[in-house]
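Chain order of the listed sequences is F and U.
Under numbering that gives the first Met the number 0, the first sequence has 61 at position 62, and the numbering climbs by one with no breaks.
Under numbering that gives the first Met the number 0, the second sequence has 86 at position 87, and the numbering climbs by one with no breaks.
Since the hints were made in silico from the structure, they are not lab data.
It is possible that part of the hints are untrue.
[As the list claims (entries may be wrong)] Under the rule of at most 30 angstroms between Cα atoms (straight-line distance), these lysine-lysine pairs were calculated in the DSSO-like manner: (1) K30/F with K122/U; (2) K14/U with K85/F; (3) K125/U with K28/F; (4) K4/U with K14/U; (5) K186/U with K163/U; (6) K122/U with K34/F.
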Amino acid sequence: MAINIVLAIIVTSLATYISRFLGVITSKKIKENSKIFRWFNCLAYSTLSALLVRIIVFPIGALAEVDYLTRFTVVFICLIVFLIGKRNFVYPTILSALLLAFLSSNF
Amino acid sequence: MINTKYFLKGFASVKGVDSPAIALAASFIAIGALFKSIGLNIQESIFSTFLTYALPGSLIMAESLIVGASLLNIFLAVWLVNARLYPMTVSLFPLLTHKSQPKLKYYLACHFIAVSAWLIMKKNYKSVERKYRLDFWIGVGAANLSVAVSATVLGFFIADHLNKDMMIGLAIVNPVYFTCVMVGAMKTIQMSLAVILGSMFGILFYFISPEWCILLGGLTAGTLAFFIGELNGN
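Next comes chain F alone, as it looks inside the complex (with noise of 0.2 angstroms):
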């Protein structure tokens, strides 16, 4: 390996923290029901919205290995047992491993 695994995570660290560091001090001239509180509040969604989306169309890891459509498959169904199952997080979140190996190892 080229570069030294401990700076790796240390750099990492780093890069992760600056985000969080620089939110607390913007956080400090905001009061909480302020227009500009809102829009930071639509921001944080709209950006987790878009990494989410990354992550399930466009994966890095394991998850590039299954095809897309399956992909798709198991995040709409566990969606679908996710609203009717009264907003319950553990049966979709279980589910969606198991189906996800099952297709994958099957199929």
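Based on the hints, put chain U in the right spot on chain F.
Structure of chain U alone, referenced to chain F:
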């Protein structure tokens, strides 16, 4: 320092049907196994989860180590994928501030910002007395980080028993959990638009720049959602 009663209350909130613990554990078991397979030792694996505690960043680090990317490349790629933590912090910390809390505590407590803990806090902050919200938050964060670190250790040690299909199964849990959470959060026009437009622009911007798609897609979608929501009474 930290109010123990509220810290423990926050710590206990990791239990329950809407808890991210299962999703968090599944993905960090996979990370632990991945770390082992690319040659990290157990100390480095624990160190990594403890210090970074943000899944996409850890994945990028692992991928970068495999292809032998430079430290600068790792820094930029991780920063871009984890920049979502910035708006997440800004949309949470104003709810936790209280003049009785020392400033340094906020800079330490912000390390716990990650989707899992953030969602619990967003949902529960109103039920916690303002003065103690930061202590409650530290409890929530510490519980989630403990789950993540324990799962990394578990994943590291069971790595040899996990086959490819199991790894794939573990990898889908977090995205599915997230999808449910996002759909569950669509309660106002603003929130619904933020989620729907975020996913659309996320894909759209991917074709322009895979590195910048989360940041640019999120910024465009969030801003549009905000304005449309404001014009329509949120």
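Hint-by-hint comparison with the structure:
no. : hint               : result
1   : K30/F with K122/U  : holds, 18 angstroms
2   : K14/U with K85/F   : holds, 18 angstroms
3   : K125/U with K28/F  : holds, 21 angstroms
4   : K4/U with K14/U    : holds, 17 angstroms
5   : K186/U with K163/U : violated, 38 angstroms
6   : K122/U with K34/F  : holds, 20 angstroms
Checked against the numbered hints listed earlier, the structure breaks hint 5 alone; every other hint is satisfied.
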